[in-house]
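Engineer: Listed below, chain by chain, are the residues.
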Amino acid sequence: MKKYSDLEYLKLSKWERFKYRFLSFFAAIPVAIGNLFLGIGKALKKAGLAVAGEAKDIAMTFVNGDWKTKLSYLFMGFGNIARGQVLRGLLFLLFEGVFIAYMILMGGGYLALLPTLGTKGPYQMTERIEFMPGRFREVVKTVTYADDPTIHNSFKILLYGVLTIFFIVAFLYTWRMNVKQNKIAEGILKSGKPLKSGKDDLRSLVDDQFHKTLLALPLTGILIFTVLPLVFMILVAFTNYSSGHNGGETGLFHWVGMDNFRTLFSWDVGGVNYSATFGEILLWTLIWAFFATFTNYFLGIGVAMIINKKGIRFKKVWRTVLIMTIAIPQFISLLYVSKMFTLNGLFNGFLMDLGITHTAIDFWGDPTLARIMVIIINIWIGIPYLMLIATGILMNIPADLYESAKIDGASGWKQFSKITLPYMLFITGPYLLTSFTGNMNNFNVIYLLTGGGPHVNLSNGAGNPGDTDLLITWLFNITQKGFGEDGAQYYLASVIGILVFIVVAFISLIVYNLLPSVKNEEDFQ
Amino acid sequence: MKNKNQLPALILLVIGLVVTAGGLFLFINRFVPMWSFSHKYMTDNAIFAMLGILGLFLGIVALLLARSLRKQGQEVPSDTLKQHMGLKATARISNTVIYVLLVIISVIWLAPFFCIVVQSFRVNPTGMTRYLFQNPDAALKEGLTIRFGLDNYRRLFAGDFPRWYLNTFIIAVVVAAVQTIIVLCMSYTLSRFRFKLRKPLMQFMLILGMFPGMLTMIILYQVLKDVGLAGANAMPGLILVYVASSGMGYYVSKGFFDTIPKSLDEAARIDGATRAQVLYKIILPLAKPIVIYTVLTAFMGPWGDFVFAKYVTGVTPEAWNVAVGLQQWLSTTTNISENYTMFCAGGVVVAIPVVILFMCLQKYYVEGVTGGAVKG
Amino acid sequence: MASVKLTNVKKVYDNNVVAVHDFNLDIKDKEFVVFVGPSGCGKSTTLRMVAGLEEISGGTVEIDGEVVNDLQPKDRNIAMVFQNYALYPHMSVYDNIAFSLRLQKMPEDVIYSKVTNAAEILGITEYLMRKPRALSGGQRQRVAIGRAMVRDSKVFLMDEPLSNLDAKLRNQMRAEIILLRQKLNTTFIYVTHDQTEAMTLGDRIVIMKDGFIQQVGTPAEVFEMPTNLFVAEFIGAPKMNIVKTDLVREGNRYFVTPCGAKIEVTGEKGGLLNEKNVKGGPVLLGVRPEHMKLAFERGENTMSARLEVNEMMGSELHLHVYTKDGARWIVRVPTIDLTQEQRRSLVNGAQVYITFEGKVMHFFDPETEKNLIY
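Residue numbers (the numbering used here), protein chains in the order written: chain A, 1 to 525; chain B, 526 to 901; chain C, 902 to 1275.
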């Protein structure tokens, strides 16, 4: 599409300008998507080159290194010890020892079973039990891992298999570091300088390498409790792990490849229409996230502005009233308010007493009404927080911007739309994005208010979805109850979780690239 | 009144007075019948609403009146002054509108909490009702007396609730301590140090955050079960899970640290401090607001975690936290009819300390949000 | 003993932007060296590399003969005063100054004597118990200097310390820094963008632009013998007049022909031109405003000009004139040399005549911008 130069743009009429900006916005989206893939391609290429570079470096170090270096390829840390860096050397050696021991004792076994996720599952066994002298009965018993250690447990196999792979990666990285250190040490010694001693290392841990010390604990926590489970759950999407096949007592599960994805995108599997359900819930999730975010945003700004207006007194009182609602645990507020609006609830009672209605309004029973209520109550929850943020920003807008606008003759509304709003949008752009994606995964509000219901329109959908269900609450219900002989279908939950991630990531990346904050930083400084 | 502009205020004042007086009368009439009439139109809720809104309205109007009365001693306005005062009049009216709006907003926001406090004191009936103070059809139903008292609270403390409260309190304290340390380590490092993996690390955590948190719940529960930290021993398990990944919530704290000038770090390093000494001698004393903010948010978190706690603790009531326990009371209709008012009492007991704590530390919370959340 | 030697020092940022190219400098013990140049020229970056606050991408920095590239700032025995003072806000003035001494685990009585000594020299003894936010800009500046002073370090680094002060305070502090230098008697490296500070404070000046050193020399050297056009225009206020004209060689004599006049190059410069056998041709001619002369009637070697702006500076007038060929000149005229009538005639559009002597000229190559003589 045609790109206008600055002077040409200035000549356009207001309508033409709007058209131009509108079209360029949408034209930019495919470009942004294209750039995204280009970026991924470039990153992959860079990674490939890096790996190749590393391999070459490893080979060269071996060829050029002295005997200490060469021995270090087999015995990690040997080079360090031989050159006097005992502390480092011992640590390397210890790591190697632990790794080898682990692989022999556990890791190797689990790794071997990983492709099949176990072959010998729990089985039934009949036993003859003497329940009275001379009288026997045949009892069927399920033999599991707890009774017979040779039985495989798919869950453990997958979990420890992944853990082993992590461990292997860590080992390779450490081994590489070991090789590199040998190379650097040789270089330093050759130039006549001394090597860092153990004491130097310890000292640098609280100084220039302090960041490593500080990050060690948080990153380990994240690695073990977030990354590892996530990798596990992503892999589960390619298995048939469910409560009916939980890998232990109820039977092994195995790889099913892309089957689950195919099921989800299919229109009819055994009378259950997966992709239609998914589509509908996705649509509502997006609508909900949009309204939840933007109603809160603009109303929050509005409230902040009227409290902040000159001439309004007791500013602190108004703010405190709103801030108090942040303090109260959300689950209490949400749970209570949801009960307030039931057929027998306070609100209906209030309406009926005032004579406004004669029968109770079924707020949670009518799908459309339930959706509207959810959004409204979310406003009640969200405005105080947004008001705080908006107040903070409003106070930071330089006053002389407004003064100059007033002199130029700008009315109150003009001041708002030309100064306040752009400034706000710029500063809170990233916040809006995270708020939007956060609302897409806003479990608490929906679940506590409606539990996902009412189940009016989507009742024949998979997993018993409700009209206010978000993808994530739908996911939760599937992990709780499930349906069919599989029980709670964890694999389905994983698949949905992955798809949620893809949608969120997609939207985030595109919007982030289109956000003015990234482009126009200088305008505001 | 000498000034024409005070006429609207005066009218509003009179209306407010009349309505408030009427409401007061009807309210008293409930208990000391002076006049009987059909209940259909005037029940507690309605009276109450009138009282509340209009009474406050009266206050505002009185204020405005007082202010304009103070300006009584002014000279006869010239032409320009008259114009000015015309402006002031419109400002005053729009301000009045805003005050009304603010009052309505305050009422709406506080209403649910008022209701929950009232219902927590209602001893009979214990189920969910359509009314706050009195059933309009009470006369028609037999044997249904509405009583208020402290019974709910007594029942609350006789049951499992104290156990739940203690559990949650311990979890909250431990989490507050450990999570603060972890978050501050992470955000300080990301703010101050420039190392090669810094940007990739932040992007990685951003992507991690895009996965729904629900996903990891299942497997974490299984692992905890294997290690024996679920069911009855769920508390250490819960604490572990809460704090382990808390490093990902560095955003606000990092924004705050970014506002402390780096030249302070540099001056200290030139003066001979190691980076560790810079952190605890120079930066931490200046970071009091954000430390308190982090402690506060970390403390408030576990009180409201309902999903994961329920998943992990299963059906061992002694191990529940308050969220799971209270939710249990509202989970089935029989439970509701028995425990609804007790739920309200429980809600009040849970909310009050947290609110008080929050109010005391409000200043720091606000500073944290406005300082860090939008600059980072 | 604290000499500082920078050899081939280079600074490249992550996005391959080169901030400092090949910086070479030998700073003698107890010398006061000033890095001066416009914003973004790399002077602060170089200073920070000496301090250890920036990684050195290439080359070596030696303090007292020891290569310090890999040393942490605290091990380099340097002290630094920052542009925004960087005082620790939560500590009193006393604690601010004592901070580094406490880190070295000095006994408190020694610390007391050192701090009070420095406070007395700087005149801040009565503020010792106050917090930085209760001090004015100038007082904070002194505390920052005090903090650096007590360390008895080898090298004293100052990064635009006077930039945040108002003009009057700046002049005052400049004088105090000179006094301070005499008292402290160590090596100073001072960074500024103000050429006046550079000229008054420095033993030697290093002029930088875009990461390159333009010239290193004493104030007199850079003023009288600028090696290129940038230095010539940067040093001295108002700026040197630069005009395109021709250098004409007639045998052993050289002439310039700006706007109709023909002025011979006399004195030392004429001799140097001969020595270097400089050919004639187009040149950029430089004459400082203070060397220009004003006349009210045509004379020998004068150029006819029109007055555009008349700036009254007090003891002299700065006249902005333009000659017929469009060239612009600034002429500094002491007011005491003019009669009332002459002064009144100097209005916008007035006709005046300007000239200069043969010995005050500078010549620059129009393409390389280098000084033809030096």
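Rather than coming from a laboratory, the hints here were simulated on the basis of the structure. Hints should not be assumed to be uniformly reliable.
A few chain C residues facing chain B, derived, Cβ under 8 Å [what the hints assert, rightly or not]:
1. His991
2. Leu1004
3. Pro1008
Each computed DSBU-like pair below joins lysine-lysine, with the alpha-carbon atoms no more than 35 Å apart [claimed, not checked]:
4. Lys813(B) with Lys212(A)
5. Lys806(B) with Lys1271(C)
6. Lys1271(C) with Lys787(B)
7. Lys1069(C) with Lys787(B)
8. Lys180(A) with Lys1140(C)
9. Lys721(B) with Lys193(A)
10. Lys212(A) with Lys316(A)
11. Lys196(A) with Lys1084(C)
12. Lys911(C) with Lys1032(C)
13. Lys813(B) with Lys42(A)
14. Lys1110(C) with Lys1140(C)
15. Lys1069(C) with Lys193(A)
16. Lys1084(C) with Lys193(A)
17. Lys975(C) with Lys724(B)
18. Lys813(B) with Lys193(A)
19. Lys1006(C) with Lys1110(C)
20. Lys1140(C) with Lys190(A)
21. Lys1069(C) with Lys183(A)
Computed spacing ranges between beta-carbons, pair by pair [claimed, not checked]:
22. Phe720(B) with His1219(C): 34 to 44 Å
23. Leu626(B) with Asn444(A): 47 to 57 Å
24. Met884(B) with Ala216(A): 30 to 40 Å
25. Phe298(A) with Phe720(B): 52 to 62 Å
This one's a predicted model, so the numbers in the text were calculated from it and none came from an experiment. Positions of the beta carbon are idealized from the N, C-alpha and C atoms, including for glycine.
Engineer: Taking the hints in turn, state whether each one holds.
Structural biologist: Now the hints, each set against the structure:
1. His991: With a closest approach of 5 Å, the His991(C) hint holds.
2. Leu1004: Hint holds; Leu1004(C) Cβ to chain B Cβ min 4 Å, cut 8 Å.
3. Pro1008: violated, 16 Å
4. Lys813(B) with Lys212(A): holds, 24 Å
5. Lys806(B) with Lys1271(C): Roughly 52 Å between the alpha carbons, so the hint for Lys806(B) and Lys1271(C) is violated.
6. Lys1271(C) with Lys787(B): Not satisfied, since the Cα-Cα distance of roughly 40 Å exceeds 35 Å.
7. Lys1069(C) with Lys787(B): holds, 29 Å
8. Lys180(A) with Lys1140(C): violated, 56 Å
9. Lys721(B) with Lys193(A): holds, 26 Å
10. Lys212(A) with Lys316(A): violated, 43 Å
11. Lys196(A) with Lys1084(C): violated, 40 Å
12. Lys911(C) with Lys1032(C): This hinted pair is violated, its Cα atoms lying about 39 Å apart.
13. Lys813(B) with Lys42(A): violated, 43 Å
14. Lys1110(C) with Lys1140(C): Roughly 17 Å separates the two Cα atoms, so the pair holds.
15. Lys1069(C) with Lys193(A): violated, 52 Å
16. Lys1084(C) with Lys193(A): violated, 39 Å
17. Lys975(C) with Lys724(B): Cα-Cα ~28 Å, so holds.
18. Lys813(B) with Lys193(A): Violated, at about 44 Å.
19. Lys1006(C) with Lys1110(C): violated, 43 Å
20. Lys1140(C) with Lys190(A): violated, 54 Å
21. Lys1069(C) with Lys183(A): violated, 59 Å
22. Phe720(B) with His1219(C): 34 to 44 Å: Violated, since Phe720(B) and His1219(C) (Cβ atoms, about 53 Å apart) do not stay within the stated range.
23. Leu626(B) with Asn444(A): 47 to 57 Å: For Asn444(A) against Leu626(B), whose Cβ atoms are near 29 Å apart, the range 47 to 57 Å is violated.
24. Met884(B) with Ala216(A): 30 to 40 Å: Between Met884(B) and Ala216(A), where Cβ atoms are some 37 Å apart, the hint holds.
25. Phe298(A) with Phe720(B): 52 to 62 Å: The hinted range 52 to 62 Å is violated for Phe298(A) and Phe720(B), with Cβ atoms some 40 Å apart.
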